[in-house]
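A.B. asks: When you get a sec, could you build the whole thing from the sequences and use the hints?
Numbering (the working numbering), first residue to last: 8 to 187.
Take the hints with a grain of salt, since some may be wrong.
Label pairs and their in silico Cβ distance ranges [stated by the list, open to error]:
#1 G130 <-> D25: 32 to 42 Å
#2 R85 <-> R113: 18 to 28 Å
#3 T91 <-> D124: 15 to 25 Å
None of these hints come from the bench; they were simulated from the model.
Yeah, the Cβ is synthetic: ideal placement off N, Cα and C, and Gly gets one too.
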Amino acid sequence: MSRQTLQFVHTNRPPTTDDIRVFDSRTRALLGTEFTFRIIGSSHYVSAPEYEFYEVSTCDPDPVANHEGTAIPLETDRPPRALTFETDAFRCVTRVEHRPLSAFPRDRYLNRPDSFDLAYAFGGDPDAVTTIEIDDDGYETYHTYPEFDLALYTRTVFGTDRDPAALEASAARTAESDAI
Numbered sequence: 008m009s010r011q012t013l014q015f016v017h018t019n020r021p022p023t024t025d026d027i028r029v030f031d032s033r034t035r036a037l038l039g040t041e042f043t044f045r046i047i048g049s050s051h052y053v054s055a056p057e058y059e060f061y062e063v064s065t066c067d068p069d070p071v072a073n074h075e076g077t078a079i080p081l082e083t084d085r086p087p088r089a090l091t092f093e094t095d096a097f098r099c100v101t102r103v104e105h106r107p108l109s110a111f112p113r114d115r116y117l118n119r120p121d122s123f124d125l126a127y128a129f130g131g132d133p134d135a136v137t138t139i140e141i142d143d144d145g146y147e148t149y150h151t152y153p154e155f156d157l158a159l160y161t162r163t164v165f166g167t168d169r170d171p172a173a174l175e176a177s178a179a180r181t182a183e184s185d186a187i
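C.D. replies: Now the structure itself:
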């Protein structure tokens with residue numbers, strides 16, 4: 008893995024976080040438990056210990072060195088892709104889309120950064136941003152890379168055994184994404 012990829016690691020045990028810098032964080036109740044969303048020095052980190060769910064998205068291999076992940080190339084014109092993490096009680100489906108940098112709502116970020124649940128401009132550059140927006144069944148992110156003219160967009164949907172309809176909906180979304 009290099010700085011030419013964004014790696015997504017989904018695991019049922021927490022990654023080593025000793026060296027992770029947190030720039031913004033929010034804990035929110037979802038699906039009957041607390042999820043913590045963080046923008047970190049290399050991208051984002053989401054955790055829900057009750058569901059044994061941990062997701063790290065990073066350009067830096069150190070925080071996830073002991074976990075296998077999926078490397079997403081930081082290139083334009085890539086097809087959408089679905090990533091799935093599943094346990095007996097929990098399911099997470101993330102759809103990753105490579106969009107041009109112009110797809111990122113830059114004006115919104117510049118004029119109303121608080122309209123995102125979490126947002127951070129790396130090095131103060133309004134074109135090198137990570138944002139997270141949380142909703143009732145998951146969240147959306149933008150990871151922008153001006154050096155690649157890229158806005159990597161993700162939409163993550165959660166489902167649990169406490170809400171079988173959400174599990175079925177997330178499974179259907181996976182099948183739709185795989186058909187693309």
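A.B. asks: If a hint holds in the structure, say so; if it doesn't, say that too.
C.D. replies: Evaluation of the provided hints:
1. Range check, G130 to D25: Cβ separation about 23 Å, and the 32 to 42 Å hint is violated.
2. Judged by the Cβ atoms, the range 18 to 28 Å given for R85 and R113 holds: they are separated by roughly 21 Å.
3. Judged by the Cβ atoms, the range 15 to 25 Å given for T91 and D124 holds: they are separated by roughly 23 Å.
Comparing the model with each earlier hint shows a violation of hint 1 alone; every other hint is respected.
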